[in-house]
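Visitor: So you can see what is in the structure, the chains are spelled out below.
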Amino acid sequence: MPAMTYAQVEETVLKTLRPASLKYWAVVSLLFVGILIGAGCWAYQIAIGIGVGGHNIPVVWGTYLINFVFWVGIAHSGTLISAILYLFRAGWRNPIARAAETMTVFAVCIAGLFPFIHLGRVWMVYYMLPYPNERNLWPNFQSPLVFDVVAISTYLTVSSLFWYTGMLPDLATVRDRASGLRKKIYQIVSLGWTGRHEQWRHYTRAYLFFAALATPLVISVHSVVSWDFALGIIPGWHSTIFAPYFVAGAIHSGLAMVLTLMIPLRRIFRYEAIITEDILDNIAKTIIFTGLIVGYAYMVEYFLAWYSHNIVEQESFRWRAFGDYSLQFWIMVICNSVVPLLFFFRKVRRSIPWLFSISILINIGMWFERFVIIIGGAAHDFMPNAWGLYSPSLIEYAILLGSFSLFFFLFLLFVKHLPSISMTELKEGIHQGGGHGR
Amino acid sequence: MNRILPALVIIGLGAFLFQVSGQHPEKAWQAYLVNFILWSAVAQGGLLFSVVLHVTKARWGRPLQGLAESFAAFFPISFVLFLLLFLGRTFVFPWLGGDLHGKDAWLTIPFLFSRDTAGLLILYGLGFVYLYQGLKLKRSQNDKSESGQEALQSRMTVIGVLYIMAYALVLSLLAFDLVMSADPQWISTLFAPYAFVKAFYVGLGALIVVAAIVHLRHGEASSLNPSHFHDLGKLFFGFCMLWADFFYCQFIVIWYGNIPEETSYIIQRTMTLPWSRLAWAVFILSFVIPFIVLLNKQVKTKPRFMISLCSLVFVGIWLEHFLLLGPALSPGADSLPMGMTDVLITLGFLGLMAMAVRFALARFPELLPVQKQEVK
Amino acid sequence: MAAEKKVMALFENDTRAASAIEGLAGSPWKLEQVHSPIPSSKILSALKVKKSRVGYFTLAGGIIGFLSGISLAMYSGIQWNLVTSGKPVIAFIPFLIVGFEFTVLFAVFGNVLGFLLQTNLPEFRSLQVYDERCSGEHFGILATCPEGQENNLVAFFQEKGGEAKLI
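Protein chains in written order, with our numbering: chain A, 1 to 438; chain B, 439 to 814; chain C, 815 to 981.
By construction, these hints were calculated from the structure, which means they are not laboratory data. Ideal Cβ positions, reconstructed from N, Cα and C, are used throughout, including at glycine. Be aware that one or more of the hints could be misleading.
Okay, derived cross-link-like pairs now, DMTMM-like style, lysine to aspartate or glutamate, Cα gap no bigger than 25 Å in a straight line [claimed, not checked]:
| id | chain 1 | residue 1 | chain 2 | residue 2 |
| --- | --- | --- | --- | --- |
| 1 | B | K541 | A | E315 |
| 2 | A | K184 | C | D945 |
| 3 | A | K285 | B | D669 |
| 4 | C | K979 | C | E964 |
Only some residues are given here: those of chain B computed to face chain C with a beta carbon under 10 Å [unchecked claim]:
| id | residue |
| --- | --- |
| 5 | F689 |
| 6 | F725 |
| 7 | F729 |
| 8 | I730 |
Between the sequences and the hints, there should be enough to build the whole structure, so can you do that?
Guide: Here's what the structure looks like:
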């Protein structure tokens, strides 16, 4: 931990909340245009029909589902950093916890859009909710798709509450340094937090419970998402390893996204003394671990596909590596399990350009992993005469662009209006070299 | 102790020989296999604790790392026991001589034994190198010489990472070859990770027991304090939940898909007598009881209580190994093919493990988290 | 009750603040509250506070959640009452997932509810007897004394190493 004073911490973080430059608003506007393109295309799809997307029989799940799984995955490492590393008392998480948790909230919001986008008749989406109706129809709670509804809603709610509650002391700090209308706004938003001992007493307890509850939640949510596929009998999907494999993959892509966000953030906001190279190093080491798990899962699946001597399984896995989508397959394998091995070298872990480039490659690889699993499973299952191919349409590409634009748009708005580093946790770290005093 | 443990080993050996020469030698080999896998897992998982703490540069468990490393003393014994499995191959490998529809490329005795022997040599070799480096580090710390300590630590990290990778791969190999292949038609991709999470779970449990015994034996002189037990207890609780989660992951996928070539394995073990009772016992002993008990914070810091709890979990996981292998090795059993000889053979293995750990702690006192008597 | 005067004292570190708290315990003056920018275990132990009861709300929420989740799944299954995809109408294996998610959701609701109820947030009146530096670097102690004794109280705080002022 750098030996900063409380005042230095505050100054560094509060400086970032000052009115933004023109360049900032230009980028935000550009991203907004991206959002409008995506939203426009979605509106077009609602008006014309789901057929404007590229999916059809047999590949009924296309980029919308890939994006859904991708964004839920990104969300997971935010909770890993803010909740799981908190339970492990890893102090290096303090400077990045706030930004990571924010990344989670926004990523889950975007992920939650995709089941809507993927529906043809969006106006009927309320059918998914359990409400009493005169036809006495209820969702089928044995279906993994309904598990998804429950799990994603829970994850969104819990993450938002965790994020907001965790921010209260910081919002109070911003309120106390602001004036005028800003002060009034932050006054309301900080709920009148004054740092009284009773408030701290209950806050630390509540925070501990948040972390302890968020941890199993994280594991269960992506397990539930993986069961969207694994509970079916399609070869390549029906595999018991899916739950831990998806969770590890989610953390893998999420950590890469953390690097993608933190590296420019620390440069632009001059956070180098707070988000140190040691922290980026630790993230890189964790990425080695998750990359190895993902690589192991690939190997086990291939080995057991051969061992099972089930001709359908064997054909499905042969086709993945050497068939119509082999390019995507090899991008996936190389970007997810081979490229992160470079992080074994200290020089690579300590070099900002390498960290940034590898993080982008990992995210590309993880997007393609979902492509290989989802498209590969649906395109090439039991009956050869039912095999078919898929390619995304322009509308789908536009919505993909819109989702990325929305994510960065929200994140940029966040960093300029809310403290992007948790000043309170940093101060605690300076105070006693650890986490919240329990 | 000095006489009880060898006596246990001899009793175990005696029980085994008695059973093997009797009418049902397969029961003896069944017990042998179950115990071999379980106790090797304790040793492999136990050492993993020290390795993981070192690689993540965690400081909270320093005094416990030496105890965890002492489990490596079981490695040579485990290796010999594995080789001895060859003698029981007709009982331990139900696929021997059957029509394997192409799996013969993988499931042949020479190939199986050579790859598993090689795997164990690599895993145990790495474990020993790690242990050796660890001892060198501890000794150099006692001499208070700074030079070379950093180099030693980074070398240990490299070996540690290799051990972790070997652990995952070799334990997967053993899980496939010794347990999953007993039902050659069945596969589950999560089976191997399930096995090595189980190994870490029992390894942690064994570590708690050994730490508790050391703490109770040495009282004031031990460097272990309640916060160590609290943290270790929390980790144990976490892995209890992880084990149950992995079990559930396999179960729900197979249950939901309802594909007969997968479900027969599960149905035989969890829904048909006589094995279903055992399944419930496993679930209660290994998950329900530890989960409810360990929710309480205070309980983790009471060594005597934790010894009982961890022993209970251990029995649960022993029964789980038995449950996985039993229907395959004793097909068509009407009642549980368990008897007194199983208990005695298990005690024999317990004796072997305890002797190994005691030997390591006596031979390398640096591993023991006890304040030295002499004044520095 | 005679008119009371409030004195707010600011300390640079929590050890001094903790010793001031202990000093106040034996004095005729009343300690109102302590503000700090971070949770300090020294201050909390000097105040001898009991463990927070937020956990009970969380536990209650969790139990309600589990029962609600399982009941909802069971109830909705019974309404359709037909075997779908070969799965029984009431099947605990998938219902456990629904129960688990609801457990976490309602436990978190309980957590937040307990936190808000126990801390009495949102609450804006105490902002009037508050020094803004307490969210920055300083630990603030607010004490009251009967009229006439303010100077003694201020002197007491200054002796303990803080800067005191009347409110």
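Visitor: Would you mind marking each hint as holding or not holding in the structure?
Guide: Evaluation of the provided hints:
Restraint check: the Cα-Cα separation between K541/B and E315/A comes to about 17 Å, which is no more than 25 Å; the hinted pair holds. As the CA atoms of K184/A and D945/C are separated by approximately 16 Å, the hinted pair is consistent with the 25 Å bound. Restraint check: the Cα-Cα separation between K285/A and D669/B comes to about 23 Å, which is no more than 25 Å; the hinted pair holds. Distance check on the hinted pair: K979/C and E964/C sit about 9 Å apart at the alpha-carbon level, within 25 Å; holds.
With its C-beta approaching chain C no nearer than about 7 Å, F689/B sits inside the 10 Å limit, and its interface hint holds. At its closest, the beta carbon of F725/B sits 12 Å from a beta carbon of chain C; the interface hint therefore is violated under the 10 Å criterion. Taking 10 Å as the C-beta cut-off, the interface hint given for F729/B is violated, the closest approach to chain C being about 13 Å. Violation of the interface hint for I730/B is found here, the shortest Cβ-Cβ separation to chain C being roughly 13 Å, above the 10 Å cut-off.
Hint check: violations occur at hints 6, 7 and 8; the rest are consistent with the structure.
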